Amino acid sequence: MSDAAQTLSGRSTARWAPHRTAAVLRHLGLRGAAIVYLGAMVAVPVAAIVTNGFGDGLTSFRTALAIPYAWTAIRLTLITSAAATVINAVMGTLIAWILVRYRFPGRRVLSSVVDLPMAIPTLVTGLMILTLYGPNAPIGKFLDRFGIQVAFTWVGILLALCVVTLPLVVRQVQPVLLELDPAEEEAAATLGAGAWLSFRKVVLPAVRPAIVGGALLTFARCIGEFGSVVLVSGNIAGKTLTAPVFIYQLANQFRSAEAAAIATLMFTISFVLVLVTARVTRRVEV
Amino acid sequence: MSVSIKVEGLTKRFGSFEAVRDVGFTAAAGSITALLGPSGSGKSTVLRMIAGLEPPTAGRIWLGDIELTAKSVQERAVGFVFQHYALFRHMTVFENVEFGLKVRKEAKESREARVKELLELVQMSNFAERYPDQLSGGQRQRVALSRALAPRPQVLLLDEPFGALDAKVRQDLRRWLDELHRELGVTSLLVTHDQEEALELANQVVVMHEGRVEQAGSPADVYNDPATAFVAGFVGAANVLHGHVVDGHVHLGTFQVPGAGHLEEGAAAAAYVRPHDVRVSNEDTGVRGTIERKATLGWLARLSIRLPGGETLVAHVPHDELGDAKEGDEVWVDLRSPKAFGIEPGTTAPGAPADTKPANGNTMPVSDEGPVVRSGS
Amino acid sequence: MSATEAVTPSTGAAGGRSRLARGALAAAAIFYVALLLLLPLIGIVTKAFQPGVSIIGDTLSRPDVQHAFLLTGIITVITVVVTTFFGLVVAWVLVRQRFFGRSLMNAVVDLPFALSPVTVGLAAILLFGTGGWFTDFVTARGIQVLFALPSMVLVTIFICIPFTIREVVPVLEEFGLDEEDASRTLGASIWQTFRRVTLPNIRWALLYGVALSTARSIGEIGAVLIVSGTISGKTETATIYIFSGLEERLEAQAHVVALVLATVSIVLLIGIEWLHRRNELARSNT
Numbered sequence: 097m098s099d100a101a102q103t104l105s106g107r108s109t110a111r112w113a114p115h116r117t118a119a120v121l122r123h124l125g126l127r128g129a130a131i132v133y134l135g136a137m138v139a140v141p142v143a144a145i146v147t148n149g150f151g152d153g154l155t156s157f158r159t160a161l162a163i164p165y166a167w168t169a170i171r172l173t174l175i176t177s178a179a180a181t182v183i184n185a186v187m188g189t190l191i192a193w194i195l196v197r198y199r200f201p202g203r204r205v206l207s208s209v210v211d212l213p214m215a216i217p218t219l220v221t222g223l224m225i226l227t228l229y230g231p232n233a234p235i236g237k238f239l240d241r242f243g244i245q246v247a248f249t250w251v252g253i254l255l256a257l258c259v260v261t262l263p264l265v266v267r268q269v270q271p272v273l274l275e276l277d278p279a280e281e282e283a284a285a286t287l288g289a290g291a292w293l294s295f296r297k298v299v300l301p302a303v304r305p306a307i308v309g310g311a312l313l314t315f316a317r318c319i320g321e322f323g324s325v326v327l328v329s330g331n332i333a334g335k336t337l338t339a340p341v342f343i344y345q346l347a348n349q350f351r352s353a354e355a356a357a358i359a360t361l362m363f364t365i366s367f368v369l370v371l372v373t374a375r376v377t378r379r380v381e382v
Numbered sequence: 009m010s011v012s013i014k015v016e017g018l019t020k021r022f023g024s025f026e027a028v029r030d031v032g033f034t035a036a037a038g039s040i041t042a043l044l045g046p047s048g049s050g051k052s053t054v055l056r057m058i059a060g061l062e063p064p065t066a067g068r069i070w071l072g073d074i075e076l077t078a079k080s081v082q083e084r085a086v087g088f089v090f091q092h093y094a095l096f097r098h099m100t101v102f103e104n105v106e107f108g109l110k111v112r113k114e115a116k117e118s119r120e121a122r123v124k125e126l127l128e129l130v131q132m133s134n135f136a137e138r139y140p141d142q143l144s145g146g147q148r149q150r151v152a153l154s155r156a157l158a159p160r161p162q163v164l165l166l167d168e169p170f171g172a173l174d175a176k177v178r179q180d181l182r183r184w185l186d187e188l189h190r191e192l193g194v195t196s197l198l199v200t201h202d203q204e205e206a207l208e209l210a211n212q213v214v215v216m217h218e219g220r221v222e223q224a225g226s227p228a229d230v231y232n233d234p235a236t237a238f239v240a241g242f243v244g245a246a247n248v249l250h251g252h253v254v255d256g257h258v259h260l261g262t263f264q265v266p267g268a269g270h271l272e273e274g275a276a277a278a279a280y281v282r283p284h285d286v287r288v289s290n291e292d293t294g295v296r297g298t299i300e301r302k303a304t305l306g307w308l309a310r311l312s313i314r315l316p317g318g319e320t321l322v323a324h325v326p327h328d329e330l331g332d333a334k335e336g337d338e339v340w341v342d343l344r345s346p347k348a349f350g351i352e353p354g355t356t357a358p359g360a361p362a363d364t365k366p367a368n369g370n371t372m373p374v375s376d377e378g379p380v381v382r383s384g385s
Numbered sequence: 111m112s113a114t115e116a117v118t119p120s121t122g123a124a125g126g127r128s129r130l131a132r133g134a135l136a137a138a139a140i141f142y143v144a145l146l147l148l149l150p151l152i153g154i155v156t157k158a159f160q161p162g163v164s165i166i167g168d169t170l171s172r173p174d175v176q177h178a179f180l181l182t183g184i185i186t187v188i189t190v191v192v193t194t195f196f197g198l199v200v201a202w203v204l205v206r207q208r209f210f211g212r213s214l215m216n217a218v219v220d221l222p223f224a225l226s227p228v229t230v231g232l233a234a235i236l237l238f239g240t241g242g243w244f245t246d247f248v249t250a251r252g253i254q255v256l257f258a259l260p261s262m263v264l265v266t267i268f269i270c271i272p273f274t275i276r277e278v279v280p281v282l283e284e285f286g287l288d289e290e291d292a293s294r295t296l297g298a299s300i301w302q303t304f305r306r307v308t309l310p311n312i313r314w315a316l317l318y319g320v321a322l323s324t325a326r327s328i329g330e331i332g333a334v335l336i337v338s339g340t341i342s343g344k345t346e347t348a349t350i351y352i353f354s355g356l357e358e359r360l361e362a363q364a365h366v367v368a369l370v371l372a373t374v375s376i377v378l379l380i381g382i383e384w385l386h387r388r389n390e391l392a393r394s395n396t
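For the record, the sequence lines run as chains W, X and E. Residues 97 to 382 (the numbering used here) make up the first sequence, in order. Residues 9 to 385 (the numbering used here) make up the second sequence, in order. Residues 111 to 396 (the numbering used here) make up the third sequence, in order.
These are computed hints drawn from the structure, not numbers from a lab. Note that the structure is predicted; figures quoted are calculated from it, not measured. Idealized CB from N, CA, C, for every residue including glycine. It cannot be assumed that every hint is accurate.
Pulled a few chain X residues facing chain W out of the computed Cβ check, cut under 8 Å [to be verified]:
#, residue
1, LEU61
2, PRO63
3, VAL81
4, GLN82
5, ALA85
6, PHE90
7, PHE96
8, ARG112
9, PRO159
All chains, please: the whole structure from these sequences, using the hints.
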C-alpha cells in the first residue's frame with residue numbers, strides 16, 4: 097500500500113505491524129497444529145507399518161505370502177469382499193431408490209435401520225448373526241436341513257460383510273438420487289421409454305460415480321473387517337481365516353514383522369484400488 | 009399426419025385443492041392452440057394430463073378419434089417440450105435427438121438420417137457431438153424441440169418453452185417456432201403466461217384462470233370481445249373504471265360509458281377501455297381532462313390523463329395525431345368500445361392495480377395503467 | 111430441490127403391471143434389510159433374556175463388567191474431545207487456507223478409513239513394542255503405553271480422526287466465508303467471529319461428527335484388542351469383555367453386555383439420524 101493510503105486509513109499497514117504479525121502467526125499456528133496432529137496421529141503409524149512391511153522391498157510380499165495360511169487368508173478375504181461389494185452395490189442402489197422414490201409407511205424406520213451398522217459395534221453385529229444363524233440357532237438349524245451352513249463357513253463371512261457395509265453404498269447414492277431432475281425421466285417417458293430403459297439410460301449414468309465410490313468404500317471396509325468376522329467365521333486356518341484375523345493372530349504371537357508384511361499388502365491393494373477407481377470415475381463423469 | 013386434440017370435462021384435484029375444473033376445448037388438426045393464463049391457472053396441469061404425466065381426476069382426452077384417457081405416457085406418442093429443456097445431460101445432442109427413435113427400434117440408417125434432417129431444420133447440425141452443458145439456453149431448447157419431433161408425433165405439447173430464456177432469445181425463438189409450425193403443420197398446444205406470445209403465435213387462444221376456461225377463441229376474439237372481466241383485464245392492456253349501472257350505462261360519477269345494457273340496473277360494474285381506444289382531441293366531445301404525463305414509446309406516445317373526478321386514464325396516441333400537445337394541456341377524451349362487466353360490490357375488478365379502491369356507488373377510483381403481465385407460470 | 115424430499119417424476123406409472131413391479135422391488139429391498147439387520151437384532155434381544163431377566167442385574171453388578179463400561183467411557187470421551195477439537199482445526203485449515211501440500215493433507219485425513227483396525231493396533235506395537243520407534247523414549251520416562259490406557263486411546267483416536275473433519279469440511283466450504291468477512295469488517299476478532307458466526311453454521315455437522323465418533327469409539331474392537339493385552343479388570347473395554355467372555359464360556363454375561371451396547375447404539379442411532387436430518391436441512395436452507 098502507498099504511503100498516502102496508509103495515512104488515509106489512519107492505520108499502519110507496514111509489514112511487521114503487531115496485529116498483522118499476530119494474524120500470520122495464528123495462521124501458521126493453526127496450520128502447524130494441524131500438521132503436527134495429522135503427522136503424529138496418522139502419518140507416523142502408517143509410516144511404521146509401511147516401512148516394516150516394505151522392509152526388504154518387494155521381497156517382503158513374497159515372504160508374507162510364503163507364511164503358511166497367508167495366501168489362503170488373503171484370497172478368502174479378497175473374494176468374500178469382492179462378492180459383498182457386488183451384492184451391496186446392487187442392493188444398496190435398490191434400497192436408495194425405494195427410499196427416495198417410493199412413499200410407504202415405515203419408510204423413515206427403514207432408513208434408520210439401514211444406518212444401524214454405522215452405530216452398532218461390529219462385534220455385536222457378529223454376535224447377532226451367530227445368535228440367529230449359528231448351528232444351534234433358529235435359522236441356522238432351518239438352513240442346516242438344506243445343507244446350508246452359515247456360521248463358521250465363508251457364507252457367514254459373506255453375510256457379516258454384507259451387514260456391516262450395508263449403509264455405505266446407500267448413503268453415497270441417496271443424495272445423488274435426490275438431486276436428479278425428474279423432468280429428464282419424464283422426457284424419456286414421453287419419448288416412449290419404459291421404466292427400466294429410462295433407469296438405464298437416464299438415471300444410471302448419473303448415479304454411476306456414486307455407486308462406484310460407494311463400492312470402493314465398501315471393499316476397503318470389507319478387506320479390513322475384524323469384529324464381525326472373527327466371531328462368525330470360526331477362524332479355521334486355511335478355510336475361514338481372513339487376513340485381518342490372521343494379522344491379529346500374528347500380532348498376538350509377537351510376529352510383528354510378518355503381520356506388518358501382510359498388513360502392508362492389504363493396504364497397498366486398497367491404495368491401488370483408490371487410484372484406479374478415481375481414474376475410472378473421472379472418465380465416467382464426462 | 010396431424011390430428012386434433014379434444015379435451016372434455018378435465019378435472020384434477022390434489023387432495024382438497026382443485027387445480028383444474030371441468031376444462032374442455034378442441035384444438036383443430038394442424039393448428040397452434042395457446043393455453044394462456046397466470047401462474048396457478050392450471051394450464052400446465054392440463055398439458056401434463058394430455059401427455060399422460062398426470063392422471064386426471066375426471067374427464068376424457070382424445071387424439072383424433074382415439075381416446076387417450078387410459079393410455080400410458082409411453083403409448084400416447086406425443087411430443088413434449090419442457091420449460092427447462094430436460095435434455096439428457098449424459099448424452100450428446102445427436103444421442104438426445106436419436107433417443108425416441110432408438111426406443112422404437114428404428115434401423116440405424118434411418119435414425120441417422122432423421123436426426124440429421126431435424127438438426128438441420130433447427131440449425132444445430134454443427135453441434136451434434138456437443139453435450140447439453142456446452143449449449144446456450146436457446147440452443148438447448150432447439151435441441152429439445154427436435155428431440156420431441158424426431159419420432160414424428162401427431163401432436164406437440166410445449167410447456168412454457170421460452171419461459172427460461174432472455175427476452176431477445178425468446179422473441180427469436182417465437183418467430184422461429186412459427187416458421188417451423190408452418191412448415192411441419194403438427195398440431196401444437198402451447199402453454200404460456202405471455203399473452204403477446206399467445207396472440208402472435210396461436211390460431212386459437214384458451215384463456216384459463218383458477219383452473220377454469222374463461223374463454224376460447226381466436227386471438228382477435230379474445231382481444232376484442234373478451235367474454236369475462238378476467239379476460240378483458242388479462243389479455244392486452246386496459247384501463248379499468250369502477251362504477252355502477254344506470255340505464256344501460258356504467259356510471260362513473262362525473263361521466264358515464266355505454267355498453268352496460270346486459271347488466272342489472274344498479275349493479276356494481278367495471279368498464280374496460282383499451283389505451284388505444286382512448287381518443288384524445290381538442291374538440292369538445294366527451295370528458296375534459298389534463299395531460300399529466302407524456303412518455304414517448306417509439307412511434308407511440310403514452311399519455312396519462314387526469315380526469316376531473318380524480319381518475320387517471322392511459323391513452324396510446326400515435327405521434328402524428330398528437331401534434332404539439334404537452335404536459336399540462338387540457339384535452340378532450342372520448343372512450344371507444346368500452347366493455348362492461350358486472351363485479352362483486354366492494355371488490356376490485358381483475359386487471360386493476362393493487363392500490364385501486366373497490367367499487368361502491370360514489371367513490372371514483374380509476375386505474376392508471378393496464379394489467380402487469382405476471383411472470384412465472 | 112429439497113435435500114430430504116425429492117420430486118418423484120410422473121411417468122404415468124398408474125398401470126397395474128408397473129405397480130406390481132414397484133411392489134416387488136420394494137419387497138426385495140425390505141426383505142434384504144430385514145434378513146440382515148432386523149432379525150439378528152431381535153435374535154440378540156431374545157438370547158440375552160434367555161437365562162432369565164435376573165441375568166441382567168447379575169451381570170451389570172459384576173465389578174469387571176462395570177470396569178469395562180467405565181474404560182469404554184473414558185476412552186470414548188477422550189477420543190471424542192481430541193478428535194473434535196483438532197478435527198475443527200484441520201477442517202478450518204483445509205478449507206480456509208491455501209498452501210502447498212493441501213491435497214496431501216486431505217488425503218492423509220482419509221487414510222484411517224483405508225486401514226484395517228488390526229493394522230492400527232499393529233502400528234502401535236511397531237511404535238511402542240519391543241524394538242519400537244518410540245519404546246526407549248517412553249520407557250525412559252516411565253510411561254507405559256502398550257497394554258495400558260494410553261495405547262488404547264491412541265488407536266481409537268486414529269480410527270476416529272476422519273469423522274469430524276469429513277462432516278465439517280463440506281459445510282465450511284459451502285458457506286460462511288462472506289459472513290465471516292462481514293463479521294471481521296464489523297470489528298469482531300477472529301475468536302469472536304469463530305464463536306458467533308462460524309460455530310453456529312457448522313453446529314449440526316459438528317454434532318453429527320461427534321455422534322459418529324462416539325459410536326465408533328464404543329464399538330472399536332480390532333485395534334484395542336491387540337494393544338490391550340486383555341487384562342481383565344484393567345484393560346478390558348466393553349467390546350473386549352464380550353470377546354473374551356465368549357472365549358471363556360461366559361456367554362450369558364457376554365450377551366448381556368452386548369445387549370447393553372446394542373441399546374446404547376440404537377439410542378445413539380436415533381441421535382445420529384436426527385442430527386443427520388438437521389444437518390441436511392441446515393445445508394439446504396441456505
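Do the hints match the structure? See the list:
no., hint, verdict
1, LEU61, "holds (6 Å)"
2, PRO63, "violated (13 Å)"
3, VAL81, "holds (4 Å)"
4, GLN82, "holds (5 Å)"
5, ALA85, "holds (7 Å)"
6, PHE90, "holds (5 Å)"
7, PHE96, "holds (6 Å)"
8, ARG112, "holds (6 Å)"
9, PRO159, "holds (7 Å)"
In the structure shown, a violation is registered for the earlier hint numbered 2 alone.
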